[in-house]
Amino acid sequence: MRVPANGLQPGAILAEAVRGPGGRQLAVAGTALTPQHLVVLRAWGIESVEIGEPPADPDRERLVAAQRVVAARFRGQPADHPAVRALFQAAVARELQRCP
Amino acid sequence: MPVTPTIDGILAAAGELQALPDSWQHLDAVLARSAATTAHIAEAIAQDPGLSMRLLRLANSPMFGLSQRIERLSQAVHLIGTRQLRELALAVSVVDLVGRSGRRDRVASYLRHSTSVGLCARAIASRRREANIERFFVAGLLHDIGRFVLELAEPDLVADQQTQARQRAVPIETIETASLGFDHAAIGGALLRRWNLPSTLCEPVAWHHLPSSAPSQRVETATVHLASVAAELLGLDDGEAVSTPLDQSAYDLVGLDAADLIGAVSEAASALAETLTVLVGTAA
Chain A
0 MRVPANGLQP GAILAEAVRG PGGRQLAVAG TALTPQHLVV LRAWGIESVE
50 IGEPPADPDR ERLVAAQRVV AARFRGQPAD HPAVRALFQA AVARELQRCP
Chain B
0 MPVTPTIDGI LAAAGELQAL PDSWQHLDAV LARSAATTAH IAEAIAQDPG
50 LSMRLLRLAN SPMFGLSQRI ERLSQAVHLI GTRQLRELAL AVSVVDLVGR
100 SGRRDRVASY LRHSTSVGLC ARAIASRRRE ANIERFFVAG LLHDIGRFVL
150 ELAEPDLVAD QQTQARQRAV PIETIETASL GFDHAAIGGA LLRRWNLPST
200 LCEPVAWHHL PSSAPSQRVE TATVHLASVA AELLGLDDGE AVSTPLDQSA
250 YDLVGLDAAD LIGAVSEAAS ALAETLTVLV GTAA
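Chain order of the listed sequences is A and B.
Take the first sequence: its letter number 49 is residue 48 in numbering that gives the first Met the number 0, and every next letter is one higher.
Take the second sequence: its letter number 4 is residue 3 in numbering that gives the first Met the number 0, and every next letter is one higher.
Worth double-checking, as some hints may not be accurate.
Under 10 Å between C-beta atoms, here's a sample of chain B residues computed to sit facing chain A [said to hold, decoys possible]:
(1) Thr37
(2) His39
(3) Val106
(4) Ala107
(5) Leu225
(6) Gly234
(7) Gly238
(8) Leu260
Residues from chain A that keep clear of chain B, each with C-beta distances beyond 10 Å, as calculated [as the list claims (entries may be wrong)]:
(9) Gln35
(10) Arg84
(11) Ala85
These are calculated hints, taken from the structure and not from any lab test.
Ideal Cβ placement from N, Cα and C applies to all residues, glycine included.
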């Protein structure tokens, strides 16, 4: 959904990256806009932006799903222990392999 | 009101599991004689053809990674060593007993879990350059025998405990201790003492949830604790249960860094399917 810059509210999510006149990226897709972002967008003369859910990233979604499955087994473990952290990473990699 | 089961009562309901098979006891007696020669030992093993065949297959499996193929028991005695072969014969004997005692699906998932922990304990011990790493394999393989025996004796109680553990997202031993006053580790320790096994096996089994409480076999117990936590967290047994929390002092006593631990459990993971096939005689 295209929204004019003067109609933006803090908290709105960018569906695509916003670039300035020279092509410089001002904010990435998925950014939740803060009042500071709104000031920057106005300062760069951005007239409108695309608001909504960013396009789905299947790899990212698989990773998040695998982390969720594995995290259930790690309840009660000392999460900041180096061995527990290493086992968590290994378990997520294994889960991603198991469910391609 | 139902009577709360005691450890003795649970063991009394364990059927065939109450004693180790005669073939293993015979072999153990031969090995205990200091004058036993390679030929004597090979002959004692050969009296049980099923045991002989599986020991040879185990000796030729990726667990050992030997460069030459072992065709004869006498070769296995030479290459693997008498003490280690005794441990492996014990492992095979117990797997047989378990296989004959329970429902097929329960046996399969129990042995998958046990073998994964046995292989992890063995791989950790190997990285610590321990002598006779097969005793770590057997300790890991036996660590949850109390859980198997408890389920044989009290299937409804165990099903209820598993539901509670899942709902409350706590390790199963927390629920067992609350309802029985002891956990499956204590049952396993009592069974192994009944089998007259040494403290190097009894203690890691009895104390694998509380490794710092082991009276004398601290390293063995810490290794089995670490192996069971790592195998469960990594999901080697395909289980979803919440694991015992990692014990910091056991981890320090074992002394592997995180990378070495991951190396050891990865090694165990890659040997799991074939080891299970050899031990159980079915694909994992």
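Hints, one by one, checked against the model:
Evaluation of the Thr37 of chain B hint against chain A yields a violated restraint, the C-beta minimum of about 41 Å exceeding 10 Å. Taking 10 Å as the C-beta cut-off, the interface hint given for His39 of chain B is violated, the closest approach to chain A being about 44 Å. Annotation: interface hint on Val106 of chain B violated; nearest CB of chain A at approximately 23 Å, more than 10 Å. Taking 10 Å as the C-beta contact cut-off toward chain A, the hint placing Ala107 of chain B at the interface is violated, the least distance being around 18 Å.
At a threshold of 10 Å, the smallest CB-CB gap from Leu225 of chain B to chain A is about 8 Å, leaving the interface hint in force. Given the 10 Å rule on beta carbons, the hint for Gly234 of chain B holds: about 6 Å separates it from the nearest Cβ of chain A. Contact between Gly238 of chain B and chain A, as hinted, is supported at the beta carbon level, the nearest pair being about 8 Å apart and thus within 10 Å. This hint holds: Leu260 of chain B has a C-beta 5 Å from the nearest C-beta of chain A, less than the 10 Å allowed.
The non-interface label for Gln35 of chain A is consistent with chain B: the shortest C-beta to C-beta separation is roughly 39 Å, beyond 10 Å. Arg84 of chain A, annotated as away from the interface, has a beta carbon of chain B within 10 Å; the closest lies near 7 Å. Chain B draws Ala85 of chain A into its interface by the beta-carbon criterion, the shortest separation being 4 Å against a cut-off of 10 Å.
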